[in-house]
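Participant: Line by line, the protein sequences are chains A and B.
For the first sequence, position 202 (counting from the first letter as 1) is numbered 202 according to this note's numbering, and the numbering increases by one without interruption.
For the second sequence, position 71 (counting from the first letter as 1) is numbered 332 according to this note's numbering, and the numbering increases by one without interruption.
Any given hint could be a false lead.
Stretch by stretch, here's where chain B covers chain A in the computed footprint (C-beta under 8 Å, at least three residues) [as the list claims (entries may be wrong)]:
| id | segment |
| --- | --- |
| 1 | 16–25 |
| 2 | 52–60 |
| 3 | 63–71 |
Heads up, incomplete: computed chain B residues facing chain A, CB under 7 Å, no partners named [said to hold, decoys possible]:
| id | residue |
| --- | --- |
| 4 | Phe273 |
| 5 | Ala326 |
| 6 | Ala337 |
| 7 | Asp361 |
| 8 | Thr377 |
| 9 | Ala384 |
No lab work stands behind these hints: they were computed from the structure.
As the structure is a computational prediction, the values presented were derived from the model and not from experiment.
Glycine included, C-beta positions come from ideal geometry on N, C-alpha and C.
Read off the chains here:
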Amino acid sequence: MNLTLVSRRQRALPYCAPFSETRVTDRAMRIAVHRARKGKATMESFSWQQNFDRTVAGLVRAIPIPQEISEWFANEKLLTATAKHSWRKAVRNPVTIAIALALLVIAGVFAIKLREKMQDFPGSATARKLLTVASSTRSIILDPVKTDAGALGDLFFMKHRLEHYDVPAEFADFHAIGCRVFDDDEAHRVAQIWVVERRMQLFLFPAEKQKDGREADWKGWRYVEQEGWAGVVQQRNGVYFMAALRGKKKDLAPYLPKSQD
Amino acid sequence: MTGDVGKAQEAFRSTVREAARRAADGEPPPDRLWFFREARWRCLAVCDEGIQAEHIEMGEEELSADAADQLARLDAEQLAIWIAGAPEPQRTALALFYLDEFDHHELLSLLEIKVTELSALLAKARRQFQAWLDAVVQIEAQ
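Model the full structure from these sequences, guided by the hints.
Facilitator: Following this line, the structure appears as structure tokens:
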């Protein structure tokens, strides 16, 4: 709609303005009536028009109506369709659909959170954080090495005094091309290894102490997932080991012993 | 609309019969506007039968401050005849507008015209009515 049309419409509205306040239900009409009442040029003529229309309507109401017709109008609702409240209509109502969608989303989020909670284990929060580190790490920031990942345990011990920072046998034969040791607020001293196999990254970090001060004590492999990255974690001698890659749990499963999968 | 009680009743009865037939067929009129829309066309059909009034170009005058006082001297039936003599769609526009039953969106839906057309019809009718009032009230005063 162009501006000329809008202006023509706005100018036209006062001429068909209702003379009863109850009929002014439309915003555009309300504005047009307000302008006509307040405008210097239109105030007088609009007032005459409204008086004229009210008087005509009064005369119209005085036109005699045959009894048959006036009686029928009292029962007009008998013949018009009444709205049926069916389940189908209620289900198709946009409000119902919106509420149902909102409940589904809430239920979905709740289910995901519950699933995450059930899969949680001591150290899972740190493992997830290290998955984020893995996703942002470039191989060039690591110190270049040319050896098997399993051999780096000695390097960590001798150079950084990190005891029991040993890569498990399942990942020990992978060829490493870089490694580094860095400090993290939550994970403390973290060893990171980059291996050729599927551009996998291996992490070693100290196990968290439990609330009663004891070392975390759980066996086997546990999975964590975060933003398109998957990790598999093992705890041994107070040190966590995590192998991480971009993908899903199923991409890591082939590297683990069948009984531990 | 018709200027004749008999014709109006005929249009009314046929509208109610049609509504009853639809209701019996399980398709009752969807809303009250249906009755007015149907009645309008039936009134026009009834008016098309018989002798037709000659079309006269009416004079126009701007609404005056004392138009309401002039109107007060008129009979309701004089007004009904004046409205019934207006050409279509001005006649329906006046009849429905002064019934004070509809907002302007409903009026546009019933008349199947644009807001600018409705305004023009009503404004012209007011001016013509003022000219007619000036003439009639003067004659009555004499």
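Participant: Report holds or violated for the interface hint on Asp361(B), using the least CB-CB distance to chain A and a cut-off of 7 Å.
Facilitator: Check passed: Cβ of Asp361(B) comes within 5 Å of chain A, closer than 7 Å.
Participant: Hint validation: Ala326(B) versus chain A, beta carbon distance must be below 7 Å. Holds or violated?
Facilitator: holds, 6 Å
Participant: Taking the least C-beta to C-beta distance, is Thr377(B) closer than 7 Å to chain A?
Facilitator: holds, 4 Å
Participant: Measuring from the C-beta of Ala384(B) to each C-beta in chain A, is the shortest one below 7 Å?
Facilitator: holds, 4 Å
Participant: Report holds or violated for chain B covering the segment 63–71 of chain A, Cβ cut-off 8 Å, minimum 3 residues.
Facilitator: holds (count 5)
Participant: Would you say the segment 16–25 of chain A counts as covered by chain B, given the rule of at least 3 residues with C-beta under 8 Å?
Facilitator: holds (count 8)
Participant: Hey, does the Phe273(B) contact hint survive, CB to chain A under 7 Å?
Facilitator: Nearest chain A Cβ about 6 Å off; hint holds.
Participant: When the nearest CB of chain A is found for Ala337(B), is that gap smaller than 7 Å?
Facilitator: Nearest chain A Cβ about 4 Å off; hint holds.
Participant: Under a C-beta cut-off of less than 8 Å, do 3 or more residues of the segment 52–60 of chain A approach chain B closely enough to confirm the stated coverage?
Facilitator: Holds: 8 residues of the segment 52–60 of chain A have a Cβ under 8 Å from chain B.
In this structure, every one of the numbered hints holds.
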